[in-house]
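The listed protein sequences correspond, in order, to chains A and B. Residue 50 in the numbering used here sits at position 20 of the first sequence, with consecutive numbering throughout. Residue 16 in the numbering used here sits at position 4 of the second sequence, with consecutive numbering throughout.
It is worth saying that the hints were derived from the structure and are not from the lab. Please note that the accuracy of each hint is not assured.
[As the list claims (entries may be wrong)] Derived pair list, reagent style DSBU-like, types lysine-lysine, alpha-carbon separation capped at 35 Å: (1) A:Lys754 <-> B:Lys306; (2) A:Lys677 <-> B:Lys167; (3) A:Lys45 <-> B:Lys54; (4) A:Lys146 <-> B:Lys167; (5) B:Lys54 <-> A:Lys146; (6) B:Lys54 <-> A:Lys677; (7) A:Lys754 <-> B:Lys282; (8) A:Lys286 <-> B:Lys282; (9) B:Lys309 <-> A:Lys311; (10) B:Lys309 <-> A:Lys754; (11) B:Lys306 <-> A:Lys102; (12) B:Lys167 <-> A:Lys754; (13) A:Lys677 <-> B:Lys309; (14) B:Lys265 <-> B:Lys102; (15) A:Lys677 <-> B:Lys306.
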Amino acid sequence: MSIGARFPKSDGVAKADGSGIYADDIALPRMLHAKILRSPHAHARIRGIDLGAAEALPGVVATLVGAELPLKYGVIPWTQDETALAVEKVRHVGDAVACIAAIDERTADEALRLVKVDYEVLPAVLTPEDALEHPEIKVNERAKVGNVTKHVHLQFGEVDEAVAGATAVVRETYRYAGSTHVPIEPHCAVARIDADGNLTVWSSTQIPHYVHRELSRVLGLSQSKVRVIQPLLGGAFGGKSDPFALEFCVAKLAMKTGRPVKILYTREEVFYAHRGRHPMKMDVTLALDADGRIAAVDNKILIDGGAYASFGLVTAYYAGQLLTGPYRFGTYRFDSYRMYTNKPPCGPKRGHGSVQPRFAFEVALDEAAEKLGLDPVEARRRNFIGEFVETVNGQKITSNGFLKCLELVEKASGWKERHGKLGPGRGLGVAGSMYISGTAYPVYPNEMPQSGVLVKLDRSGRVAIYSGASDIGQGVNTLLCQIAAEELHCDPYDVTVVSADTDLTPVDLGAYSSRVTYMVGIAAREACQKLAEKLRAAGGATFTEACQRAEAAEGAPLAATGGYRTEKLGGDYRGGTIGASPAYSFTAHVAEVSVDEETGIWNVERIWAAHDCGKALNPTLVEGQIEGSVYMGAAEAQMEEMVYDEKGLLFGPSLLDYRIPTSLDTPDLDSYIVESNDPGGPYGAKEAGEGPLHPAIPAIANGIHDACGIRIRELPFYPQRVLKLLRERDARREERAAS
Amino acid sequence: MMTLPDLTVLRPGSVAEAVEALRANPGARVLAGGTDIVPNLKYGMYDTRHLVALRGLSSELRYVREHQSGELRLGAMCSIDELGRSELVKARVPALADACRQIAGPQLRRMGTLGGNLCLDTRCVYVNQSHFWRSALGYCLKKDGTVCHVVAGGKRCVAAASNDTAPVLLALDASVKTISPRGERTIALHEFYVADGLHNTVLAPDELLTEVRIPAAAARRRQAFAKLRMRAAIDFPALNLAVALELDGHSVKSVSLAVSALAARPALIKGLQDLHGHAADAIFAEELGRRAHKQCKPLTNIGIDPGWRRDVLPVLVRRTVLRAIG
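From just these sequences and the hints, can you work out the full model?
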C-alpha cells in the first residue's frame, strides 16, 4: 500500500544534486535583467522621478514607474492597497519606486544610482501605538479609520462575570517580536511575451492562481492571455503568498520591450518584501475556577501590520479565532487591532496570526496553574475539549488526538519524575496547540471548487496528474504519486505530476492555511477512484494492460477529474467563517531547557513534539514538517527579530545580522506522530505543516521558568532579557530574606 | 543578486610580483581568501578598481614551520582551517588552534587565510551594509559620510576589530613580518593595530603581511581563548578574548589578557604586573575579570546589547582564565 509509506520525495534528488530548475535557473534568449529602485524614506511623497541619466546609460533598455501600473492589487479583495511601484507615496524604507531593465544586472544596478527622485519627506508612524495615536498621519489611504487595517471585537459568553467569579486570575502583557521567513531561495520572476501577445510569468510563488488573477487585472490582459508557472521552489513558509512587485515589473517590462525580463531579489530585498510574523502586544486575562478549569480568556491584541494589508484582515481574526482549542473555554473575548505602520508589510508566516496569542495563552495558563498549585500537564489535560465538539466560538472540531499527544510527550520527557526536580538551571516546559487544515472560506467568494485535479492514463501505463497545487517543499507532488499508486495500483514511479501551471492545470487556490494535503488529497482521490473503477471493469494482468483494455472499452483516452468543494462551516456571526476549518490538527510539546544564570545564555536541550495529523500519508514527510516547524518556532524564541531604527530603517537586512539558527543551534528533536483518523480528511489526514510550530515557544518559556523561576513574556528570549529577569528575581529573593 | 563593481584582478605569481602590483596600482586591494572583501565589494565599501589576488603566492606563503630558534612561523596564506587542524599549532599554541576553529563555518575557514584574518577590515553594523542601506542611513565616517552612528559627535571611526586570531597572538607576544617596496620589516603585534576604524593597522597600502612569528616561550604558557557569539557558528565575535599565563608552581609568573570586538584596536588589558606572584586560583581569575570589566566598554558598533556584553565579560574572563590554569 502506498498511503502511509515512507515514499521518498519526488523532487528530492533534483534539489540535492543541482539538476532541479528554479526560477533563477531560467535563462531565455535576449533576456534582460531588471532592478528595482527603493525608497530610503519610511514615508514620503514623490514629487518627481528623473530617469534621464539612467536611460542614457549604455545597456539600459527600458524603465518603469508606478504611474504605468496604477491599479491596486492584493490577495484579499477587500483590502487591495498595493501597487507594484509607488504611485504617489512611499510607505516604508525599501518600498519600490522605479524599475530599470538592462542587458545585465550590473548595468541595471549602475543605472539605479543615476535616478533622481524628488521626495517630500512625511512624518512616519513606526509602532502600532503611534499609529493609533496619530490618525492624522495616514500610512495607507485604504484605512477607513485612522491607521486601522482591521478591528475585530468578538465576545462569547459573560467574560467579566466569569473572571469575577474565578479562583485564579492572571493579568499579564505579552509581547511577540516580528520575524521573517528566510526561504533560502530569494524571490525571482521571469516574464516572456510571445508573438500572439500571450504573457508567461515564471515565479517563485506559492499562489500561482492569485498571481494569475492580479497580473491579468493590473496589466489589463484577459486571464486567458496570462500564464503563471511556478518552477521548483526553494522554500516559502508564507513569504511567497502575496503577489509581489517583481512579478508585475517583469511582466510590464516584457510587454514594453518585447524581450524576456528577469528579476532576482537580493537577500536585502527579500527582507523589504517581508510579509513575516506580525509583532503583537497582548494584554491577556486568564481565569481558572477552583478545580483548574478555564472560566474565561480575554485578550486585547495590538498588531503591528506594516505599510500594506497583505493578509492583515485575516490576521486580525486568526489572532482570536484560532485559540479556542484544544481546551474548553467557559467564556471568551478578544479585541484585535491590526494597524498600518511605516515598515515593510507583515503577512502570513507559518502559523499565521495564531503563533503569538498561543504563546501568550500557554504561558498565562502555566502562570494560572501555578497559582492553584496545579501541575502544568494536568492543567492541560483537565481542560481538554474533546472530540466532535463545538468550540466556544462555534468552530466544529472533529477528530482530536490532543490527549494522546500530551501523554506521549509527558512520558517521553520523563515529566512526572523530572519536572520541577532538575535542579537549578535546568527545567521542563509544556504547551499545546491547535491549527486549521485549510479554511472553509475561499479568499474571493465563489462557488467553484477550491482544488481541482485532472488525472490522465496513457496506454503506455504512464499516469499523468495535473494539479494546480504548489509544492513548496511540503511534498504535495510526492503525495499525488502516492494517492495515484494507492487507488490505481500503479507504480508510484510511473506517475508524472504536472503542477502549478495556470494554462495546464486545474485551479488550486494555493499553498496557505495548511489546506493543500487536505483539499488536494480529496480532489486527487476522487479523480483516481473514478479511473480505478474503469480499470477494474476492464481487467487485465498488468496495470498497462488494464489501461489499454479500459481505453479500448472507452473508445477514447482515459481521464477523470476530482475537486474539493468548500463546505459551509463556522459560527453564525460576522467573521464566524474565518478560522472555520473542515478539520483541526493538535500538538503538544515538552521542551528541556538549560540556563546559565551568570550570563543569561540558555539552550534548548531537547524538544519532544507530538502531533495529531489525522493520518500520516507519508510519515517521513510528516516528521520533516514537525521538525521544521519546531526548529522554526524555537528560532523565534531564541534569536529572530526584525529590528528597526528610529527612522524605520531595518537593522542588518542580511543573513549575517538577521540571525537564524545554524544546525549547531538547533535542539535535539523527537517527533511523534499521532493518528486520530479524521472522518473528513483524505484517508483520515489533517494538516502537519504549521500546527507543530506553535507550542515550541511557550514550552521553552515555561521550561525557562522551571529552570530558574523567571517568567519571560517578551520575544525573543535574548540572554540579556533573561539575565535582567534573573537579577530581578535575585533582588526579590534578597528582599524576602531581609524581611 | 548583488553585483560586484567592475574590477581588474591581478594575479601575481610571487611575493615580489605582488608587492610590485600593489605599488603600480595605487588603491589596489589584496584578495586572499576573499571571504570578507567580496561581500564588502558588493556592498560598495571600497572604491578600488584593482584586486591583487594572492593565490599564486601559496607555494611561498603557505607553511607551518618551527624555526631553529624555537619560534613558530606561520605563512600568511595558511588557511584558517588548516591552522585549526595542524598538529604543530595544536601542540604549541592550542589557543590559536581553538580560535581558528571558532571562526565562521567550515566552508569559510577553508577559504579564509591567517593573513586575511589579521588584516580583516574593522566592522560596524552601520557600515557593513549595502550601498542602498547606507544611503538610507545617511552614510557614516567610515565610508561616504561624516557622522558616526555609534558615538554621538564622534570624529574617529570606532568600527570593531573582529579578528579571532588577533587576541591570541597579542597575548602570546607574536609579531608579523611584512614586505613592501621599501623592504621587509617585523612588527610586534601590539604595535601592529591602531585605534582607527578606517584603517586599523600600520600596514602601508603597498605593504603585504607575509608571516606570523610566535615566540618559543608561547608553548610554555598556559593559554585559552573564548568567543562570545549568538550562534555556535558563522558569527563574528560579539566579544573575544585570550589569556596567556606563565606559572611558577602554583603562582603566576606573568599574565597577559587580550580582549577584542570592542573598537578598532584589539585591547591588551593594562596594569597586570602587580598580579605577578599571585596564586593561580579563582580569586586571581575573578580579579582579571574585574579589571577587564573596568577597562572594556563595548559599543553599539556590534548589533548585540553592549550593556549585556559588558556584564558578561568578567564572567567569560574568569572562566577562560580558570580553563587556562587547568
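Checked hints:
1. A:Lys754 <-> B:Lys306: holds (20 Å)
2. A:Lys677 <-> B:Lys167: Status holds; Cα separation ~23 Å.
3. A:Lys45 <-> B:Lys54: holds (27 Å)
4. A:Lys146 <-> B:Lys167: Holds, because 30 Å separates the two Cα atoms, which is no more than 35 Å.
5. B:Lys54 <-> A:Lys146: Holds. Lys54 (chain B) to Lys146 (chain A) sits at ~22 Å (cutoff 35 Å).
6. B:Lys54 <-> A:Lys677: Judged against 35 Å, a Cα distance of about 25 Å means the pair holds.
7. A:Lys754 <-> B:Lys282: Distance ~30 Å between Lys754 (chain A) and Lys282 (chain B) Cα, so the pair holds.
8. A:Lys286 <-> B:Lys282: Between Lys286 (chain A) and Lys282 (chain B) the Cα gap is close to 67 Å, so the pair fails against 35 Å, i.e. violated.
9. B:Lys309 <-> A:Lys311: Status holds; Cα separation ~33 Å.
10. B:Lys309 <-> A:Lys754: Answer holds: Lys309 (chain B) to Lys754 (chain A) is near 19 Å, not above 35 Å.
11. B:Lys306 <-> A:Lys102: Violated - the C-alpha atoms of Lys102 (chain A) and Lys306 (chain B) are around 58 Å apart, more than 35 Å.
12. B:Lys167 <-> A:Lys754: With a Cα-Cα distance of about 33 Å, the restraint between Lys167 (chain B) and Lys754 (chain A) holds, given a limit of 35 Å.
13. A:Lys677 <-> B:Lys309: Holds: Lys677 (chain A) and Lys309 (chain B) sit about 26 Å apart, inside 35 Å.
14. B:Lys265 <-> B:Lys102: At roughly 23 Å apart (the allowed maximum being 35 Å), Lys102 (chain B) and Lys265 (chain B) satisfy the hint.
15. A:Lys677 <-> B:Lys306: Distance of about 34 Å is within 35 Å: holds.
Against the hints set out earlier in the document, violations occur for numbers 8 and 11.
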